[in-house]
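In the numbering used here, the protein residues as written are 69 to 476.
Since the hints were derived computationally from the structure, they do not count as laboratory data. Worth double-checking, as some hints may not be accurate.
[Claimed, not checked] Subject to a maximum C-alpha distance of 20 angstroms in a straight line, what follows is the list of computed PhoX-like cross-link-like pairs (lysine-lysine): (1) 84 to 118; (2) 118 to 191; (3) 253 to 304.
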Amino acid sequence: MAEFTLELNDDQKQVKEWLHGFAADVIRPAAAEWDEREETPWPVIQEAAKVGIYSLDFYAQQFFDPTGLGIPMAMEELFWGDAGIALSIVGTGLAAVGVLANGTEEQIGTWIPQMYGDADDVKVAAFCSSEPDAGSDVASMRTRAVYDEVKDEWVLNGTKTWATNGGIANVHVVVAVVDPDIGSKGHASFIVPPDTPGLSQGQKFKKHGIRASHTAEVILEDVRVPGHCLLGGKEKLDERLARARERAKAGGERVKNAAMATFEASRPAVGAMAVGTARAAYEVALDYAKTRSQFGRPIIDNQGIAFQLADMRTRIDAARLLVWRASWMATTGKPFTSAEGSMSKLYASETARDVTAQAIQILGGNGFTREYPVERMHRDAAIYTIFEGTSEIQRLVIARTLSGMPIR
Numbered sequence: 069m070a071e072f073t074l075e076l077n078d079d080q081k082q083v084k085e086w087l088h089g090f091a092a093d094v095i096r097p098a099a100a101e102w103d104e105r106e107e108t109p110w111p112v113i114q115e116a117a118k119v120g121i122y123s124l125d126f127y128a129q130q131f132f133d134p135t136g137l138g139i140p141m142a143m144e145e146l147f148w149g150d151a152g153i154a155l156s157i158v159g160t161g162l163a164a165v166g167v168l169a170n171g172t173e174e175q176i177g178t179w180i181p182q183m184y185g186d187a188d189d190v191k192v193a194a195f196c197s198s199e200p201d202a203g204s205d206v207a208s209m210r211t212r213a214v215y216d217e218v219k220d221e222w223v224l225n226g227t228k229t230w231a232t233n234g235g236i237a238n239v240h241v242v243v244a245v246v247d248p249d250i251g252s253k254g255h256a257s258f259i260v261p262p263d264t265p266g267l268s269q270g271q272k273f274k275k276h277g278i279r280a281s282h283t284a285e286v287i288l289e290d291v292r293v294p295g296h297c298l299l300g301g302k303e304k305l306d307e308r309l310a311r312a313r314e315r316a317k318a319g320g321e322r323v324k325n326a327a328m329a330t331f332e333a334s335r336p337a338v339g340a341m342a343v344g345t346a347r348a349a350y351e352v353a354l355d356y357a358k359t360r361s362q363f364g365r366p367i368i369d370n371q372g373i374a375f376q377l378a379d380m381r382t383r384i385d386a387a388r389l390l391v392w393r394a395s396w397m398a399t400t401g402k403p404f405t406s407a408e409g410s411m412s413k414l415y416a417s418e419t420a421r422d423v424t425a426q427a428i429q430i431l432g433g434n435g436f437t438r439e440y441p442v443e444r445m446h447r448d449a450a451i452y453t454i455f456e457g458t459s460e461i462q463r464l465v466i467a468r469t470l471s472g473m474p475i476r
């Protein structure tokens, strides 16, 4: 078992420098343009694929880093560059995590490579869980999957929303209800292969922030997928459903569903994204405070500005430590007995929201214009307290974990 350390090893330092260089040289120069265009930055994704950042191999190397710090380190550097473009680069990862968390070895080997494509023909994937009436309340999910035993096919019907890469993805991972009588325990995840009839893109959302990332509804109308597209396989599903039904009859403990398993695995990574955005805004504000003069001296000489910057840096470092702890615990198999994953996401996301707002305040009127990047960073940061579990949901998960109450 790898020992916990705050010191990156030589390989990690090299990867960090490489990612930082890509973020500085490729992502940042393109950030304002793709934010304005509100389109998927395919040329930037292709550049990331060419150098090996947008690839299964790269994410596998970071995912299997024995210290657990590979993914959060990568997320922080890319999102330091720009949150919207970075999310377009890493958005496929949520679908990949869904397959890794719930799929068989054969499914992992078959579908994850198709999510990325290659440098000459890049692809993206989408994880589809939220619905118009079921966001944080996954138990209210209405999308249904019905098994056609004669044809060994699953038939999916419903509407998904807030899907990153929804409708433009090569592979969609869809969470659906297979047994509505047992609530969230009756959910399962399905692969929808490329060009499957019945799947279409609904509304594409025009967003406040992360505008370079494609977010849309996904419509499922009699979508038929082969039996082998059920993640984990039918035998495993039947066993899990049988246990859940028995526990429901006995009033026993709840079991995790497919969507919750994916979110729990990804929350520290979202925290790392927030840390990257917060760090970027802090650095802009720090540089500005050192060079902007008022009343004959740099504004950083004013205690009101200096103390803000001190608090910003302290919160960023604290958020990073929470993210690293949760990532290390997940990799080394230590259970989140105090909801450490949710803690990291909660604190980091609210840090990003607050630090980017403080950065605007330090820049004053300039911070409120698009001539400086902090207004975009502040718009982008708003999403961290919302997606993959709102701050309110994170607090609920933490409180119920501490109290021993079931997490519904």
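Right, here's what the structure says about each hint:
no.: 1; hint: 84 to 118; verdict: holds, 18 angstroms
no.: 2; hint: 118 to 191; verdict: holds, 13 angstroms
no.: 3; hint: 253 to 304; verdict: holds, 13 angstroms
The structure agrees with every numbered hint stated previously.
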